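Q: Work from the hints to combine the two standalone chains into their complex.
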Amino acid sequence: MRVVELTIEEDLSAWLSAVGVGVGERLTLLRRAAFGGPLHVRSAAGGEFALNVALARSIHVRAEEDVDDTSAEPKPARESAA
Amino acid sequence: MVALLGRPNSGKSSLYNAITGGDAKVGNFPGITVDILQAELRLPDDTVATVADLPGLYSIEAVVDQATDEGVARAFLARADEAGARLLALQVIDANQLALGLRLTRELLRRGLPLLIVATQRDVLESEGRLLDRAALETALGVPVLSVSARDPATRATVAQAIGARMKSGLRHRERAVDWDPDKIARQVIRDAPGITETAQRRRLFTARADAWLLHPLLGPVLFLGLMALLFAAVFLVADPATSLMDYLVDIARGALVHRLGAGLLSSFLADGVLGGAGTVLAFMPQIVILTLAMEVLDASGYLARGAFLLDRLLRLLGLSGRSFLPLLMGHACAIPAIAATRIIRDPRERLTTILVLPLMTCSARIPTYALVLSTFFAARGAWFKASIFVGLYFTGIVSGLIGSLALRRTATKGRSLPLVLEMPPYRVPQGRVIARKGAQASWRFLRDVGTTILAVAAVLWALLTVPMPGSASHAATAARGDAAPAAAEAPIQRSIAAAVGKALEPVTAPLGFDWRINVGLIGSFGAREVMVGTMGVIFGIENASEDPSPLSERIRQAKTRAGAPAYTTRTGLALLAFFVFACQCMSTVSAIRRETKTWRWPAFVLAYTYAVAYVAALLVYQVTGLLGMA
Chain A
1 MRVVELTIEE DLSAWLSAVG VGVGERLTLL RRAAFGGPLH VRSAAGGEFA LNVALARSIH
61 VRAEEDVDDT SAEPKPARES AA
Chain B
83 MVALLGRPNS GKSSLYNAIT GGDAKVGNFP GITVDILQAE LRLPDDTVAT VADLPGLYSI
143 EAVVDQATDE GVARAFLARA DEAGARLLAL QVIDANQLAL GLRLTRELLR RGLPLLIVAT
203 QRDVLESEGR LLDRAALETA LGVPVLSVSA RDPATRATVA QAIGARMKSG LRHRERAVDW
263 DPDKIARQVI RDAPGITETA QRRRLFTARA DAWLLHPLLG PVLFLGLMAL LFAAVFLVAD
323 PATSLMDYLV DIARGALVHR LGAGLLSSFL ADGVLGGAGT VLAFMPQIVI LTLAMEVLDA
383 SGYLARGAFL LDRLLRLLGL SGRSFLPLLM GHACAIPAIA ATRIIRDPRE RLTTILVLPL
443 MTCSARIPTY ALVLSTFFAA RGAWFKASIF VGLYFTGIVS GLIGSLALRR TATKGRSLPL
503 VLEMPPYRVP QGRVIARKGA QASWRFLRDV GTTILAVAAV LWALLTVPMP GSASHAATAA
563 RGDAAPAAAE APIQRSIAAA VGKALEPVTA PLGFDWRINV GLIGSFGARE VMVGTMGVIF
623 GIENASEDPS PLSERIRQAK TRAGAPAYTT RTGLALLAFF VFACQCMSTV SAIRRETKTW
683 RWPAFVLAYT YAVAYVAALL VYQVTGLLGM A
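Chains as they are written, first to last, in the numbering used here: chain A, 1 to 82; chain B, 83 to 713.
The shape of chain B in the complex, shown without the other chains (with noise of 0.2 Å):
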């Protein structure tokens, strides 16, 4: 096997799509609670070796948390010595830092690991008038060097024969003393090329002078707001209309699944339950590819370092570090990818702390929800009226998420941190294959990851909103309830396990001002909270709800207790608001927790609390409402 190794931004993905040609899966190392990514590499005399790419880390010895990076690797290589296992450590070392990479070098040489060195980015060394002297830093280290550019096609030969030579001359491990000086050597084998011209003058410039507008004080903040303004509107523009086509196709299979099968329970589960599943999966892939592919754009370009440079005061108020900021700033836009998106964050507890905290964001699924209860329950009040609430509900997510990771980093996530160092690395272009294979790649484990577990609860919420509750006494005894659905014809859903569970939660909500209907709803849209309007419209028996909330608006509004009076006030409207901020009414969110957490803990813990908060908060809104005599 072959560890590939490096300080982070040292070359090292892209040396491992150079080499591997972009083919991973997740690896499976027993212990290891992280996704190391692994590929299987053919070597020049046809044997295959295969190749793990370890995360970024600076030490192997220091070693602060079993959890951050150094400790994944640590805990990786030792479970290799302790298997027994041939390993070649690869060091990737950035050429233009090279004194700072050969501090790795220094431990990895001290633990006696066989070791290869690739040097990375030849290009820009020599783009910028300097050479490295290969053959003076094998002897200097007594290790075999490699210097590459990933960019060229050939260093996935160079790479692939020098590790079939390392492979063949032995894998021993021999600890040895070392007393070289980085610093020195690196002085001695880094050399300016003869004649600097004056455009590698002015490439080496070219991080500063960029720096000096791009971290301005005044200007850089709003540079940076603006884009990710940009970025932000791009998910809306990009999104929104590929989302709808993905809504279109699966319902156009569905069409044709019922016209080939009937209308039918196996039909309704397939094209409900297993289709409407798989609808809600592709529904979240354009954003995550979207998202993914702009924040790998931004890391590879060095500028996501700047953002968090930039903003880390603003977020150290709340217990984070500026690391937290594009992860929280995607959360609006959609949880799923931004929860990937925390990988980024290197200090374990402050990454926990934000994926913790990121379902309470107002992501673009509650904004269906959202205009359908300011439509039904504030028809009469003016746009701008309307408009305040939304940004309202807004806010209430930020500040929510805010409070809740300072009360997190004082409970559930408490204890000591890594201190804020972050490596600024010059600016590079980002290379389009790399960032196209790692936004298919996370695409991808979306879709088996998250997917099959969205396909599951799907399943789950059919039967339970479809399937007749056993002994159900249906229409008579719904109407001697006196609160059915004004001049609707009794729905299947009104009979069901979910009508039944919705029934018998009343004494529950009806503190919140929510009735059994509301509940089914609440139910329907558990695994995801866009569901609700179309749930409210099937059980109001208004078609197409989704589409066109109005009907159902106005249906809600007309619909009338058993004493006569209306069902639901616009305090009922603002309870659910208040419900729907701080419930984490997505599955998808749920499982990507579990994905990244490596455990059930954490969105169950996740579950727990927001909604708890979440009724509280409708609690206190609907009794506070009453009290100050709202109608």
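So that you can see chain A by itself, here it is in the shape it has in the complex (with noise of 0.2 Å):
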């Protein structure tokens, strides 16, 4: 999946981007935490990262063949996920 959009402050987005999951960044989730934990994703630059529920939910995405970054409305993490 690809990151489209991301729905929280534009300083926190910023700084997002430099941690390595900003938009245009590819993720893989490859598991969850236990009731409700966070989301552990693989990033196609290399790294890996655990993200809260609630930030997962501002992190927008496509799944990596319908990348379309100007197309109908983007899925929050979660649901692309599930």
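List time: in silico DMTMM-like cross-link candidates among lysine to aspartate or glutamate, alpha-carbon distance up to 20 Å: (1) B/266 to B/215; (2) B/496 to A/11; (3) B/250 to B/220; (4) B/250 to B/122; (5) B/468 to B/636; (6) B/496 to A/9; (7) B/642 to B/588; (8) B/266 to A/64; (9) B/266 to B/189.
Honestly, the hints are just simulated from the structure, not real lab data.
Predicted model, so just to flag it, every value in this text is computed and none were measured.
A: So this is what it looks like as structure tokens:
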């Protein structure tokens, strides 16, 4: 899946991009922690990250084959990963 | 000056240790509020460069909060600019995550900083059957690049030579537009080695395979909590004998001092005040060393991040994140290393919250006092009853810490938090030398920063407990109150300033069931709560109460008021326990908070809120048990 939009404040969004989960990054969901804990994702750039659910909800992704940033409403990462 | 920059887990600490030989002192950089280690590095031309190890950071452009590591690094670079310092930015990149590291490179180049890139973990890269084309990377970036392994003894010379050459070439700022794509460059310069072996393939998959077990939804938490329990047990099994040995050595030194100087005020000051304070400092050392080493091993191996991942959901309920778990757990052994361990928490507000609630965790120093109170006031009760009270005390500490963190996140530390993006680094074998150096540095900094405060407070407490109150009427006045310890000769402590203060405080503490003797015990244990037992022993004329508290328990049970009624009841014991659960009676903790927060405001806040809560809790316990008809 590819990140198409971050619906959080601009400075946090810039920081997330620097970390490696910004718009345009390709992510693979590896697992979720128990009881609604964080999501474990791998970035195509080589890093692995834990994202808590609240944050994951503001990271909107498209399935890789559907990537088209101008297309219809993006879906939350949680839903795409499910 | 050389500023070492890099993402967290990029191998920056290992490289810093490799090139500086581990020598480090905390640099004095005006306006910078966190510890930045610095060391001197001799270059091939015999000039000396100062190397400053900046905190691990992701960006110098995206700064969410000035107190974050990114904010600190940006402030450091801005100050260097203002001072006109000749600064070389040495960026450390994990060669295995080159594309991520190059995002920061892009920012450093845009800022125009003179740059030298050191790609580390070459050994890991090669063991996984990959190669870095250093020359191609250098060409693509237009910046000198080294490819090293921090474990290689030649690394120091290689890096020093490159720094020297870069310094000679002039360190001019040259802002430039950067339009290359980090991912594309990384794909071009990292290649598979010809003929990848099966071992290399296995190594590539090691982290994923290990995570399948260690991050399993059920097995993962069990394994992590089991490991934490083992660590906790190790602190008691290893640190306790070491602490006893420290106590024994300090006692020998005190004996020798008294023998040489004879009894007197000076000898008492040196033996009880100075050496007593030194004993307190040294008693903490074994725990600090063990916990620091354990935390470094967990962090360097990559497992600490997994623990935070597993427990994040639980701590999220309390306004904290998984990263707070280890410091909170360590706080049950000793708050001082736990406060230092909060450095692993990237969010400044969450870190401050964790520091502020750590004194509520039931540290090992509370145990002697709990044991004394239980054996004194619940002697007739069975072991199970005492054990349940003990468990209840631990539980109360945890629950109050959690309620405290929830309350703080809505008041004193409220504000926006960094979103939880926890980097999950690949598993690595920690470098023993780096871990040992970090342990030594932490111990030395504790001795220097916290130790000096402890000695100063110990000297003041000695004066309060020893120096007679001017104009004290001594025995006659005490006897007239009718509440002297039975069959005990009046000790100097009863004429001390602390005794006068304790008596003056009686109207305030009487609703808690505390008389002046308990007040003196509390004054004496302001610096270290475990001193309570010894101080009460002195008041009641029992020698070596700390080693064997049974005679002291008996004497406390027999104590009478002027009217002949028992001076203390079960209610007093319960109120005293409630007081000890909450009060931050530990100058070492106060000093450690000062050291980490760089201000006296937060230590003062901790003292104020813990003592206020302790007072109210003891008051409630004493009064409510009275209303319920408890004897």
